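S.K.: Based on the hints, put chain B in the right spot on chain A.
Respectively, the protein sequence lines represent chains A and B.
The numbering used here applies: residue 1 is where the first sequence begins, and numbers increase by one.
The numbering used here applies: residue 1 is where the second sequence begins, and numbers increase by one.
Only true hints are included.
Stretch-level coverage of chain A by chain B, calculated; a stretch enters the list once three of its residues show a Cβ under 8 angstroms from a Cβ in chain B:
id : stretch
1  : 34-47
2  : 105-114
Derived CB-CB ranges, DEER-like:
id : chain 1 : residue 1 : chain 2 : residue 2 : range
3  : A       : Gln42     : B       : Ser115    : 15 to 23 angstroms
4  : A       : Ser28     : B       : Gly98     : 17 to 25 angstroms
5  : A       : Ala17     : B       : Met15     : 43 to 51 angstroms
6  : A       : Pro12     : B       : Ser59     : 35 to 43 angstroms
7  : A       : Asp8      : B       : Lys38     : 14 to 22 angstroms
8  : B       : Gly28     : A       : Ser54     : 28 to 36 angstroms
9  : B       : Leu117    : A       : Asp8      : 28 to 36 angstroms
10 : B       : Glu58     : A       : Asn41     : 22 to 30 angstroms
11 : A       : Asn113    : B       : Gln95     : 33 to 41 angstroms
12 : A       : Leu56     : B       : Gln82     : 42 to 50 angstroms
13 : B       : Gln82     : A       : Ser54     : 40 to 48 angstroms
Straight-line alpha carbon distances no greater than 27 angstroms define the calculated DSSO-like cross-link-like pairs of lysine-lysine that follow:
id : chain 1 : residue 1 : chain 2 : residue 2
14 : B       : Lys38     : A       : Lys101
15 : B       : Lys9      : B       : Lys22
16 : B       : Lys40     : A       : Lys49
17 : B       : Lys53     : A       : Lys101
18 : B       : Lys105    : A       : Lys69
It is worth saying that the hints were derived from the structure and are not from the lab.
The structure displayed is predicted, hence computed values, not measured ones.
For every residue, glycine included, the Cβ atom is placed at its ideal position computed from N, Cα and C.
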Amino acid sequence: AQSVTQLDSQVPVFEEAPVELRCNYSSSVSVYLFWYVQYPNQGLQLLLKYLSGSTLVESINGFEAEFNKSQTSFHLRKPSVHISDTAEYFCAVSPRGGAQKLVFGQGTRLTINP
Amino acid sequence: DTEVTQTPKHLVMGMTNKKSLKCEQHMGHRAMYWYKQKAKKPPELMFVYSYEKLSINESVPSRFSPECPNSSLLNLHLHALQPEDSALYLCASSQDRGLSNMKEKLFFGSGTQLSVL
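So here's chain A without its partners, still in its complex pose (with noise of 0.2 angstroms):
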């Protein structure tokens, strides 16, 4: 079985600031790895995810994600965040060759202040 842990659930940055949004998984087997953004009142939508290779992963907004496997850790950074970055982040997992099955961290509140 996987599960994730994000160990803020709350993490509040002043505009142009940078961000860490920390995630840890277990799993007795190979997973991928994946940021869901979810804003208010919305569904979620895919950030950026890990399969394979290049152990940092880039999202099209800035955002990017450093697969550390020592460290079983998926840690989520923006060097300069924005207003409409205020949001909800889900860090994920699904194991390799399994099904396709999401497991999801308890979430972090994401709050920028100008």
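M.R.: Same frame as chain A, now just chain B:
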């Protein structure tokens, strides 16, 4: 059209009522999903349909009954629900190429907020 449309957006029902949630996509996706998200909690998978066949049932109580009448539609029939079933019900769809495919991506609807009285 890259949307997953869910209706209704809000639903209030009593414990003896029968109601249905609807989900529709026109992206040609062959996998459709139901997730349940309680307040301030992560989404939890309930059901997966692949090519209109139920492929995953995460031990969901029988008071929830999914139906996939065709590749564009997914329903969730509700009967004799309990107050603890109150939650946001999210539908999603994907091409069903497998999560190992870089192009595979789940598209989520904005959900139905269900309240059971």
